[in-house]
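These protein sequence lines map, in sequence, to chains A and B. Taken in order, the first sequence gives residues 62 to 263; the numbers are from our numbering. Taken in order, the second sequence gives residues 62 to 263; the numbers are from our numbering.
Just so you know, not all the hints are guaranteed correct.
[Stated by the list, open to error] Chain B stretches covered by chain A per the calculated footprint, using a threshold of three residues with CB under 8 Å from any CB of chain A: (1) 132–139; (2) 229–235.
[As the list claims (entries may be wrong)] According to the in silico footprint, chain B covers these stretches of chain A (three or more CB under 8 Å from chain B): (3) 76–85; (4) 92–103; (5) 245–252.
[Unchecked claim] Sample of chain B residues facing chain A (criterion: CB under 10 Å; computed from the structure): (6) Tyr85; (7) Arg86; (8) Gly88; (9) Leu108; (10) Arg123; (11) Tyr148; (12) Val153; (13) Met155; (14) Glu182; (15) Asn183; (16) Trp246; (17) Gly247; (18) Arg250; (19) Asp253; (20) Trp257; (21) Gly260.
Hints in this document: simulated from the structure, not taken from any laboratory. Predicted, not measured: the structure shown is a model, and the values here were computed from it. All C-beta atoms, glycine included, are put in the ideal place defined by N, C-alpha and C.
Here is what each chain is made of, one letter per residue.
2 protein chains.
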Amino acid sequence: MDGGEATLEFWFSTGSTHSYLTAYRIGPAAAEAGVALSLQPFNLCALFRADGYRPFPENAPRTLHMWRDIARRAALLGLSPRLPAPYPAPDVPMTNSIAQVMVRRGRGLEWLRSSFREWFENGLPPGTEAATRNSLLALDEDVNAVLTDANAMSNVLALEAATRRARKLGIFGAPSFLVGDEVFWGDDRLEDALAWAKGAWL
Amino acid sequence: MDGGEATLEFWFSTGSTHSYLTAYRIGPAAAEAGVALSLQPFNLCALFRADGYRPFPENAPRTLHMWRDIARRAALLGLSPRLPAPYPAPDVPMTNSIAQVMVRRGRGLEWLRSSFREWFENGLPPGTEAATRNSLLALDEDVNAVLTDANAMSNVLALEAATRRARKLGIFGAPSFLVGDEVFWGDDRLEDALAWAKGAWL
Numbered sequence: 062m063d064g065g066e067a068t069l070e071f072w073f074s075t076g077s078t079h080s081y082l083t084a085y086r087i088g089p090a091a092a093e094a095g096v097a098l099s100l101q102p103f104n105l106c107a108l109f110r111a112d113g114y115r116p117f118p119e120n121a122p123r124t125l126h127m128w129r130d131i132a133r134r135a136a137l138l139g140l141s142p143r144l145p146a147p148y149p150a151p152d153v154p155m156t157n158s159i160a161q162v163m164v165r166r167g168r169g170l171e172w173l174r175s176s177f178r179e180w181f182e183n184g185l186p187p188g189t190e191a192a193t194r195n196s197l198l199a200l201d202e203d204v205n206a207v208l209t210d211a212n213a214m215s216n217v218l219a220l221e222a223a224t225r226r227a228r229k230l231g232i233f234g235a236p237s238f239l240v241g242d243e244v245f246w247g248d249d250r251l252e253d254a255l256a257w258a259k260g261a262w263l
Numbered sequence: 062m063d064g065g066e067a068t069l070e071f072w073f074s075t076g077s078t079h080s081y082l083t084a085y086r087i088g089p090a091a092a093e094a095g096v097a098l099s100l101q102p103f104n105l106c107a108l109f110r111a112d113g114y115r116p117f118p119e120n121a122p123r124t125l126h127m128w129r130d131i132a133r134r135a136a137l138l139g140l141s142p143r144l145p146a147p148y149p150a151p152d153v154p155m156t157n158s159i160a161q162v163m164v165r166r167g168r169g170l171e172w173l174r175s176s177f178r179e180w181f182e183n184g185l186p187p188g189t190e191a192a193t194r195n196s197l198l199a200l201d202e203d204v205n206a207v208l209t210d211a212n213a214m215s216n217v218l219a220l221e222a223a224t225r226r227a228r229k230l231g232i233f234g235a236p237s238f239l240v241g242d243e244v245f246w247g248d249d250r251l252e253d254a255l256a257w258a259k260g261a262w263l
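Here chain A stands alone, though its shape is the one from the complex:
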């Protein structure tokens, strides 16, 4: 974090569908706003499990709307995902551990988009072996090296700590944006969060 510079934390979890839009939008939007970005993967499934919460039950109207909303908004970004994609993604904390490694390598957003291409274009949700492999190979990463780093105890513990911190901060879904201790939930709150980070709210 640079001294005095406004920073926005992008909290995401690999199985979150609307994070697809954010993965494409947040880089340019933060740059345009002059806001520094930090990426924070966490394990949203663990929070849902603890609460017995199912955000998108199969065939529920809210689930159909979720896919339709993403399709409509993706079109505005020039994206043509094949939706609905397989859902839910397998509950595999490993994919968020990989996200952490890729964030440390400075390729967090790149990898997230690569992961979404597997899920939303090739029908391979995060947490499947094929998606893990393909999403890394597409970025010319050494799959085994990334997996070794992802499985390192320190990395696994860091993900658990991030997930506990999410809970403590009041984060309950993804994408979420954190500015100081102010939580903004949902891709459609990206602009609000950026305005807040710039102190340009009112």
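With the hints as your guide, set chain B onto chain A.
Relative to the frame of chain A, chain B by itself:
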């Protein structure tokens, strides 16, 4: 509906918290977009009940965020509600029957704002006798006359029909916006729905 003119249907239910923002925003936004507006109250509680769904459990992080989000966005509109307000509002279909009457009298949005002033400023949620009375008196309406119209069998049946239609259309929350058979959910989708209504999507 005027021939050829784009129309947006605003589906709302009196106990929906985010509809507060919409009640203030939708009139000017639709006028600016040149989109005709029609108001459609329905009984969202009945849909939640049928699904065993509780959108905002007490003290859940999503519930705290919901109030915070409304407070932040209300400030942008120059509004200073006293939040959190009592929640949930009593599950009383009558308030949506009153909404229907006020829509027919051409005062739907005015009444919705009046109802929200009782709830978000005076702490009287819709469905309480005091809120019903005050929200109508503030508009110089004859409370007994409105209640008589609201309780008329035809009005009660119309609300039930609207609620069934909501279910059939895939509406699952409020506010929702309907353009043709395209459903947009949430106050933050108002601009998307208006763009869709104008045929200005892509």
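How about Met155 of chain B: closest beta carbon in chain A under 10 Å, or not? violated, 25 Å
Verify the interface restraint on Leu108 of chain B: the C-beta must sit less than 10 Å from at least one C-beta of chain A. holds, 9 Å
Return the status of the interface hint for Gly88 of chain B: holds when the least beta-carbon distance to chain A is below 10 Å, violated otherwise. violated, 21 Å
Are Trp257 of chain B and chain A close enough, Cβ to Cβ, to be under 10 Å, as the hint says? holds, 8 Å
The hint names Arg123 of chain B as touching chain A; please verify it with the least Cβ-Cβ distance against 10 Å. Check passed: Cβ of Arg123 of chain B comes within 5 Å of chain A, closer than 10 Å.
Quick check on Gly247 of chain B please, does its C-beta sit within 10 Å of some C-beta on chain A? holds, 8 Å
In terms of beta carbon proximity below 8 Å, does the stretch 76–85 of chain A have 3 or more residues touching chain B? violated (count 0)
Using the nearest Cβ pair, does Arg250 of chain B come within less than 10 Å of chain A? The hint holds - Arg250 of chain B has a Cβ within 10 Å of chain A, the shortest such distance being about 7 Å.
Would the hint on Arg86 of chain B be counted as holding, given a Cβ-Cβ threshold of 10 Å to chain A? Not OK, violated: Arg86 of chain B not within 10 Å of chain A, min 14 Å.
Minimum beta-carbon distance criterion (10 Å), Asp253 of chain B to chain A: Holds. Min distance 7 Å.
Against chain A, is Tyr148 of chain B within 10 Å by beta-carbon distance? Violated. Min distance 17 Å.
Claimed coverage, the stretch 132–139 of chain B by chain A - three or more beta carbons nearer than 8 Å: It holds, with 4 qualifying residues against the three required.
Checked against the numbered hints given earlier, the structure breaks hints 3, 4, 6, 7, 8, 11, 12, 13, 14, 15, 21 and satisfies all the rest.
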